[in-house]
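Taken in sequence, the protein lines are chains P, C and G. Going by the working numbering, the first sequence opens with residue 45, and the numbers climb by one from there. Going by the working numbering, the second sequence opens with residue 323, and the numbers climb by one from there. Going by the working numbering, the third sequence opens with residue 178, and the numbers climb by one from there.
Honestly, the hints are just simulated from the structure, not real lab data. Backbone N, C-alpha and C fix where the C-beta goes; we use that ideal spot for every residue, glycine too. It is possible that part of the hints are untrue.
[As the list claims (entries may be wrong)] Derived coverage of chain C by chain G (criterion: at least 3 residues anywhere in the stretch with Cβ under 8 Å from a Cβ of chain G; other residues may be distant):
hint: 1; stretch: 467-480
hint: 2; stretch: 604-611
[Stated by the list, open to error] Computed list of lysine-lysine pairs in DSS-like fashion (alpha-carbon distance at most 30 Å, straight line):
hint: 3; chain 1: P; residue 1: K176; chain 2: P; residue 2: K153
hint: 4; chain 1: P; residue 1: K145; chain 2: G; residue 2: K343
hint: 5; chain 1: P; residue 1: K321; chain 2: P; residue 2: K348
hint: 6; chain 1: G; residue 1: K222; chain 2: C; residue 2: K502
hint: 7; chain 1: P; residue 1: K176; chain 2: G; residue 2: K343
hint: 8; chain 1: P; residue 1: K159; chain 2: P; residue 2: K257
hint: 9; chain 1: P; residue 1: K315; chain 2: P; residue 2: K51
hint: 10; chain 1: P; residue 1: K257; chain 2: P; residue 2: K176
hint: 11; chain 1: P; residue 1: K315; chain 2: P; residue 2: K377
hint: 12; chain 1: G; residue 1: K222; chain 2: C; residue 2: K495
hint: 13; chain 1: P; residue 1: K176; chain 2: P; residue 2: K145
hint: 14; chain 1: P; residue 1: K159; chain 2: P; residue 2: K176
[Said to hold, decoys possible] Anything over 10 Å on all C-beta distances counts as not near chain C; from chain G, calculated:
hint: 15; residue: I392
hint: 16; residue: S401
hint: 17; residue: L438
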Amino acid sequence: MSVVEIKDVAKQFGDVRAVDGVSLQISTGEFLVILGPSGCGKTTLMRLVAGLEQPSHGEIWIGDRNMNGLPPRMRQIAMVFQSYALYPHMSVYQNIAFPLKAKRQELSKVERDEKVHQAAAMVSIGHLLSRKPRQLSGGERQRVAIARALVTEPMVLLLDEPLSNLDAKLRAAARDELKEFQRRLGITTIFVTHDQVEAMGLGDRIVVMESGKVQQIGTPQAIYDDPDNTFVATFLGSPSMNLLPTDHYELGFRPEHFLPATRVDGSDSIKFTFHVKRVEYLGSDRLLYGFVDGFPETSLTLAKLPISVDDPVEVGSSYEFAVRNLAIKRFDKESGLRWDGGKS
Amino acid sequence: MTSASVPQSNTTTRSWFPRNLWDNERAVGVMFLLPAVLYIVLLVGLPFLIAILFSVSDVTVGDTSLDFVGTENFSDVATVDGFQYALANSFKFTIISQIGIIIMANILAVILTQQFRGKWFVRFLLILPWATPVALGTIGWLWFFDSAFSPIDWVLREVFGLLGPGTLLGPAKNIVWLGKPELAQFAVILVQVWRMTPLAAVILMAGLTSIPQDILDQAEVDGSRFFRTLFRVKLPMILPIMIISLLFSTIFTFGDMTVVFILTRGGPVYYTQILPTWSFFVGIQGGDLGQGAAIAMFLFPLLLAVAVVMLRIARRTEVN
Amino acid sequence: MQTAPSSNRRIGLWAAISFFVFFAASPFLCMAIMAFKDSADLYRKANNPFFYNLSPTLEHVELLFNDTPYLLFIQNSLLVGIAVVIITLTLAVPAAYALARLTGRWGERAGILIFLVYLVPPTLLFIPMFRIIVALGLRNNLLSLIITYPTITVPFCTWLLMGFFKAIPRELEEAALVDGQHRIGAFLRVIMPLSLPGVISVIVFTFTLTLHEFIYAMTFISSSAQRTISVGIPTELVRGDVFFWQSLLAAAVIIAIPVGLIYNLFLNRLVQGFTMGAVKG
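Based on the sequences and whatever the hints tell you, model everything.
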């Protein structure tokens, strides 16, 4: 059953169409990630769900109610902002109690107090309740923001790049924790990010957006393995997919599928002569930069060799490389769409 | 909670009508803005129109009927000696006092941003002129400039021996500050500088304290000493706020009549007359509201010029 | 070598401090001394004006309190001040918020316009204002001052507060909306508490202005019982060309000291106010 349904929603800001005909269904307990580069409309889409913006066209349903025209406070949603938006003049306790006071007025003072403590305990900040936000570290602030969002037991939790203000080390831990909460509480979550690693790691499904439009919706694996178009193909994966122009289409394959021919099953693969121009050692991998015969030297081609592939590679030399047929995608040169309809 | 309980909404509408007025951004905006706008239209816009109306009519305190007289009031007031002094002095006093204020306020602001012992008390003493109602502060100065008992005269006479028969400033035993045109003008300017400096200094202090510490550290690392840092880094950085503060005090000084009214009443003769006092004497004490309004109208071109400068600066700081 | 510039600087600093303290505060010291002088002492040219040549007397201070409505003037000034502060806040706070947040680009232009109104000084308006006050039957009524003073304070304070509201991150407000507040609730519970320094600046600015204002007070009020300090003291204690000097000076000093102390207390907030309002606004 879908909790959130977005029906052909568009949002116009002056001349700019920030969101352009998006339709989505999010089912109960799902962790949906909206992924895209900055300015792709992902944050606007989330703000439309939150009610911070009203759609120029289309409808947003939460539960089984049409939310158009309803302000955020009547939507049974909660949100964690990128900056966490903790109220600086209130203590942690007051921050968490704030939405309860406004949204759950039926609660007695004792019940409210209990809920605040529960929410705080859930993210292990019980000992920080009397502090002010400015006395907290980045990670602690994020926990407070999550406690504040969860305390009202919303139907949908909206997260707007909540990990981007944390340093790299903390971010990985916070990501694990977040996924863990979400799974335990079973709360329907929409998570906006521009970070593909976060998206791949967290999402049950990923929505890839670009220029206000949905490019592809699917599980992390489907999106990675079966990109619908060149945008999705190149946006996900690091380094991104090699695209070689042929007369009729663009040939796409991921660097990690581009291996010495001896390592690839010969019967079902395409062979290329690969001229290596530069080698980068990344510890666990080797990245080879070069170009392949039959394509212009300017279409840079990369190969990513795992440590188990220890064939010697010299800069300036040419080698026989191959890609399995299954790993090759063909895209239309004009539209960028998959030729074979997304089925390899 | 079924969808039937929710009113159907038109999916293609651009504007939307929330069920609760408090949620509507635009409605709240209008509601919040309206009282102030109404108030200003009624109590600034309306009087301003009346001022223009008065200035082209023959209205007096005794005869309040408005008869259109065209530019008669303007030509009448403009040919009177008092007016010409008032116009010239308004500019003279404002410009000279602004120069004094901006120099003094800069130094004062720099002092007040330093660390030293007893700062709290020093600060209290320094803002006293601003804390005192202008009229009362000016009365204090009136005594210092008294024609017979001026303490300033006493110091010159008894301590330095500069005043009295056979001395440098003699032979009179008193200077009679407010009786001589140049000295009276000096007195007016001095009091304006005295009472305006603290406010200007507070505004400049705001600018100085908002300079990021990084930049000052950088200047120090670059080997810049106190005065170089002050003149090459701090003052250029607070230039925008300095100009804002200057414009504030220009408006304040140009429109103020209290100092002149209490200190000299425009005397001796017309030598310290300014537009606001002249407008008051003609319009309220003389009862000729039309002419009084016409005199006050002469304030407007300068204020308009100030407004233009203000807008320019606002735009320029926006770009930054 | 290391300490020389610093000790020179100390000397320079204290020299500058002394000069400014002398310029700003010595008049008050003289005024305070003279307030207690016997007339026979004060009105003798040869007497040192800075010392008591005859023993000091409370006579003139008593005259101020007993024979003039000094306390009534103070009371009137306070009354007008408080009323104008309340009106200014009720008009300027919502207007500034609307201009800063709710009305977008259009609001910026309206903001500049409101600020331009500030450039219209009382001296330009007091004559028509006088006619309006007479027409409303408010002559010799403190209400005449209470309704006209906000014309001076509202534009400036709106502009000052706009800077404050703009400096508050929009996300905080949106968080409040998501957390169950409507626009007004978010404004009252989140924006207002964070704008306190701005509100304090507005209060100090407004109060100073009403305390100083002279033209309207002199034009609209001519009965002694309704006067404010600014006009009351000069008119009450200057009879024709007879000045009650000691009482006049006492009146000035008695007002200056408490007001100065209060300002000093709020000076940091005030500077903060100007920093946020004027620099960032």
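* **Enumerated hints in conflict with the structure, sorted upward** => 8, 9, 10, 15, 17
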